[in-house]
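With chain A fixed as given, assemble chain B onto it according to the hints.
Protein chains: 2
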Amino acid sequence: MSQAGRVATPPLVPVLAVVGVGLIGGSFAAALRERGAVGRVLGVGRQRGSLMQALKLGLIDEIATLEQAASQADLIMLSAPVGATQSLLEGLLPFLRADTLVTDAGSTKADVVQAARAALGDRIAQFIPGHPVAGAEKAGPEAADPGLYRARKVVLTPLPENRNTDREHLTRVWEACGAQVMVMEPEVHDKVLASVSHVPHFLSSVFMWQVATAADSDLRMALAASGFRDFTRISAGSAEVWRDIFLSNRAAVLSELKEVKDALLRAEQALEDADGPALEKFLERAATARRLWGSRSGM
Amino acid sequence: MSQAGRVATPPLVPVLAVVGVGLIGGSFAAALRERGAVGRVLGVGRQRGSLMQALKLGLIDEIATLEQAASQADLIMLSAPVGATQSLLEGLLPFLRADTLVTDAGSTKADVVQAARAALGDRIAQFIPGHPVAGAEKAGPEAADPGLYRARKVVLTPLPENRNTDREHLTRVWEACGAQVMVMEPEVHDKVLASVSHVPHFLSSVFMWQVATAADSDLRMALAASGFRDFTRISAGSAEVWRDIFLSNRAAVLSELKEVKDALLRAEQALEDADGPALEKFLERAATARRLWGSRSGM
Numbered sequence: 000m001s002q003a004g005r006v007a008t009p010p011l012v013p014v015l016a017v018v019g020v021g022l023i024g025g026s027f028a029a030a031l032r033e034r035g036a037v038g039r040v041l042g043v044g045r046q047r048g049s050l051m052q053a054l055k056l057g058l059i060d061e062i063a064t065l066e067q068a069a070s071q072a073d074l075i076m077l078s079a080p081v082g083a084t085q086s087l088l089e090g091l092l093p094f095l096r097a098d099t100l101v102t103d104a105g106s107t108k109a110d111v112v113q114a115a116r117a118a119l120g121d122r123i124a125q126f127i128p129g130h131p132v133a134g135a136e137k138a139g140p141e142a143a144d145p146g147l148y149r150a151r152k153v154v155l156t157p158l159p160e161n162r163n164t165d166r167e168h169l170t171r172v173w174e175a176c177g178a179q180v181m182v183m184e185p186e187v188h189d190k191v192l193a194s195v196s197h198v199p200h201f202l203s204s205v206f207m208w209q210v211a212t213a214a215d216s217d218l219r220m221a222l223a224a225s226g227f228r229d230f231t232r233i234s235a236g237s238a239e240v241w242r243d244i245f246l247s248n249r250a251a252v253l254s255e256l257k258e259v260k261d262a263l264l265r266a267e268q269a270l271e272d273a274d275g276p277a278l279e280k281f282l283e284r285a286a287t288a289r290r291l292w293g294s295r296s297g298m
Numbered sequence: 000m001s002q003a004g005r006v007a008t009p010p011l012v013p014v015l016a017v018v019g020v021g022l023i024g025g026s027f028a029a030a031l032r033e034r035g036a037v038g039r040v041l042g043v044g045r046q047r048g049s050l051m052q053a054l055k056l057g058l059i060d061e062i063a064t065l066e067q068a069a070s071q072a073d074l075i076m077l078s079a080p081v082g083a084t085q086s087l088l089e090g091l092l093p094f095l096r097a098d099t100l101v102t103d104a105g106s107t108k109a110d111v112v113q114a115a116r117a118a119l120g121d122r123i124a125q126f127i128p129g130h131p132v133a134g135a136e137k138a139g140p141e142a143a144d145p146g147l148y149r150a151r152k153v154v155l156t157p158l159p160e161n162r163n164t165d166r167e168h169l170t171r172v173w174e175a176c177g178a179q180v181m182v183m184e185p186e187v188h189d190k191v192l193a194s195v196s197h198v199p200h201f202l203s204s205v206f207m208w209q210v211a212t213a214a215d216s217d218l219r220m221a222l223a224a225s226g227f228r229d230f231t232r233i234s235a236g237s238a239e240v241w242r243d244i245f246l247s248n249r250a251a252v253l254s255e256l257k258e259v260k261d262a263l264l265r266a267e268q269a270l271e272d273a274d275g276p277a278l279e280k281f282l283e284r285a286a287t288a289r290r291l292w293g294s295r296s297g298m
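Residue numbers (numbering that gives the first Met the number 0), protein chains in the order written: chain A, 0 to 298; chain B, 0 to 298.
Bound-form chain A, shown alone (with noise of 0.2 Å):
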């Protein structure tokens, strides 16, 4: 990065891979150039059209593959679909640099833990897995945005193998982003995912389905507004995607299901009892920690 004469202080990543180079990984790459934290990007994926939209676009430099981005990068972001993980990593491995660094933005994370522990082996201390939480309601190329994880949290669930320096390094390429990182353990990040994100879609979908499937469904969605659509909107999103985060987080998603139908169980009987004080203390707790939530939280 030496320009006429001048030495410039290398960027924080000399060379990025991208694999999967869809909203996640784009807008990854989008805002490391934005800050000029990055020097070459190289783009890998399975989607030649992709590909050469991220191309034209700028968010890549290079069409590459999983031998040259292994080869050749510093840092590299598998932002695939999670079940594709393990593979990607073995097709990795043989061409792995030592002082590469790998890292996710799978929605899951004991479960990529294993496949990449299962595809790495001895070279896992490469491996820093890590979750961007940001809102996806789009896909491809085209939605990149540098600006997506700014004051967003991403969660990284770093391994007892991986160096500290690269933890920390990981960390500084997320705040260039603009993110806030929060470090906890693989279990831990699934539990309170499968609570706030992989919840909240099982039921949007499971309501949206009985509304759908009714034999008045068209009176029903006629009369549908804006509450129906604020509530269903996350049910669009792709069945392929929620089926691997639901199959990947399976465990903890059912346990958080039975918590919240117990709830539910609880809140119904109130309203069959037609007890309007306790129905209404339900409501009021929910509404004030929604009102507080969203108020602290700015969304």
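In short, the hints are calculated from the structure, not lab data.
Please note: incorrect hints may appear among the correct ones.
All copies of an identical chain are treated as equivalent in the list; a pair is satisfied when it fits inside any one copy or across any two copies.
To be verified - Here are the computed lysine-lysine pairs in the DSS-like style, where the Cα-Cα straight-line distance is at most 25 Å: (1) K280 - K137; (2) K137 - K55; (3) K152 - K137; (4) K280 - K260; (5) K280 - K257.
Frame of chain A; chain B shown alone:
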């Protein structure tokens, strides 16, 4: 309404009385005024502050009592909480002119019909129940918006006693607000609204309650993102208003909740069995229905 020697057509509603000058009633008055469809607007209410605010905002022309509204208005809109319907109608009855039409904006209709019959007796022909299905995230006269009902559905559930000319007149009034009028039985209305409005609110509140009361709720809230935001938005609504809606539409809400729980059990079983194809099929059905609804409704 004659001006300087010219005789103008009288407005659709020469004198309108709005009982409850919040978002719903205030927007109704504002919409009619914007279209030149109303002459004078009387505002009736319990809260002096709201009435003064409505006066200041030009939503109403004067503050009135129930007695004045009953003896002066051509059309009376009840836009107070549903639980107040019977006592308001009882207050209007002794002074109600024979040619005054009364309607309401309550979220449930079977119980409103029952309350109206109890209050009005053989004057029931003068009451046509209605429900503008418009989002009400905000409240109060300052939230009133002449465009609130534009392209929104308004359900009328007329009674056998109502005169056809009155039904047609009320339809024209709502159409002047930009709304699309649908006519159905009160029980059908209540069942459909239980499905697309009350049950989502119940589930959203139950979920929010469960997250807020969990031991690690702070961590959960810290990792909640845009899916959580949308899914829980309705749970921030007024506990008092929603307690009344649930109680007044209790049977239909309980019946719909049962249907949703049955669907939930089936989806949970697919997850329990790690049945990927079944999970994906159910998610795909929900996603397709939601996308179609979004593109058709423009929401």
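*Measure nothing new, just compare the shortest in-copy and cross-copy C-alpha distances for K280 and K260 to 25 Å and report within, between, both or neither.*
both (18 Å within a copy, 23 Å between copies)
*asked:* For K280 and K257, with the copy left unspecified, which applies at a CA distance of at most 25 Å: within, between, both, or neither?
replied: Both: 22 Å inside a chain and 23 Å across chains, each within 25 Å.
*Within a copy, between copies, both or neither: where do K137 and K55 come within 25 Å Cα-Cα?*
Close inside one copy (19 Å), not across copies (44 Å); limit 25 Å.
*asked:* Cα distance capped at 25 Å. Does K152 pair with K137 within a copy, between copies, both, or neither?
replied: within (18 Å within a copy, 29 Å between copies)
*Give the relationship of K280 and K137 under a CA distance limit of 25 Å: within one copy only, between copies only, both, or neither.*
Classified as between; 21 Å across copies, 37 Å inside a copy.
Going through the hint list in order, the structure satisfies each hint without exception.
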